[in-house]
Amino acid sequence: TQLLEQSPQFLSIQEGENLTVYCNSSSVFSSLQWYRQEPGEGPVLLVTVVTGGEVKKLKRLTFQFGDARKDSSLHITAAQPGDTGLYLCAGEDSGYSTLTFGKGTMLLVSP
Amino acid sequence: DAGVIQSPRHEVTEMGQEVTLRCKPISGHDYLFWYRQTMMRGLELLIYFNNNVPIDDSGMPEDRFSAKMPNASFSTLKIQPSEPRDSAVYFCASSLILAAYGYTFGSGTRLTVV
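Which chain is which? The protein sequence lines are A and B, in order. Position 16 of the first sequence, counting from 1, maps to 16 under this note's numbering, and the rest follow consecutively. Position 49 of the second sequence, counting from 1, maps to 160 under this note's numbering, and the rest follow consecutively.
Don't read these hints as lab results, they were simulated from the structure. Be careful, since some hints might not be right.
To be verified - List of simulated lysine-lysine pairs, DSS-like, C-alpha gap at most 27 Å:
{"id": "1", "chain 1": "A", "residue 1": "70", "chain 2": "B", "residue 2": "135"}
{"id": "2", "chain 1": "A", "residue 1": "103", "chain 2": "A", "residue 2": "70"}
{"id": "3", "chain 1": "A", "residue 1": "103", "chain 2": "B", "residue 2": "135"}
{"id": "4", "chain 1": "B", "residue 1": "179", "chain 2": "B", "residue 2": "135"}
{"id": "5", "chain 1": "A", "residue 1": "57", "chain 2": "A", "residue 2": "103"}
{"id": "6", "chain 1": "B", "residue 1": "179", "chain 2": "B", "residue 2": "189"}
As the list claims (entries may be wrong) - These stretches of chain A come out as covered by chain B in the derived footprint (C-beta under 8 Å, 3 or more residues):
{"id": "7", "region": "15-29"}
{"id": "8", "region": "43-51"}
{"id": "9", "region": "99-111"}
Unchecked claim - To list a few chain B residues with every Cβ distance to chain A over 10 Å, as calculated:
{"id": "10", "residue": "127"}
{"id": "11", "residue": "196"}
{"id": "12", "residue": "210"}
{"id": "13", "residue": "218"}
Cβ coordinates follow ideal geometry from the N, Cα and C atoms, glycine included.
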């Protein structure tokens, strides 16, 4: 089983601050995905990164896939209360159709 | 499309009772997944189906758990008998051909076994 470690586990910041959360593994993934989960709902896909070194931007969110395709980071610029939620990374095993999820980073953005 | 639909949203049952969770995937999605989420263990894959056929059930914790997919638009996850340690949020998700396209999750069923 390939494990994904996410850090920090919990992050509480003020509106307008920047932050970065991390997703690390000792295994190589074919692709890596980031999801956001709000209370009482299922995770919602934000982005998929496939190529080592790839950088994708989604408004104030910047996602990066490590060169060796073992790790990823999510950077949020000028966080807003609407960014509050559980951020999950998920790695796709090569040759499989399943995703292995990290335990997530719980982000709380206060006004 | 209405997305992945799960029912019920909440279930409270007594230990020893049978529990059945239901899922309607997105039309046209070939894969269906059942996950369980707890604070301690995060999201765990229980079982997944491809074109209604169970492919990997190695995540099913015990024989008390069973899952079926009688057709492309319906799946059930059954726990019999239920135990307090089964309390968790159970998610159903569906996807197109490959995981790289991402999963679409339902809103989950919060199960409490007392």
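inquiry  = Hint compliance check: list the failing hint numbers for this structure, sorted ascending.
reply    = 1, 7, 12 and 13
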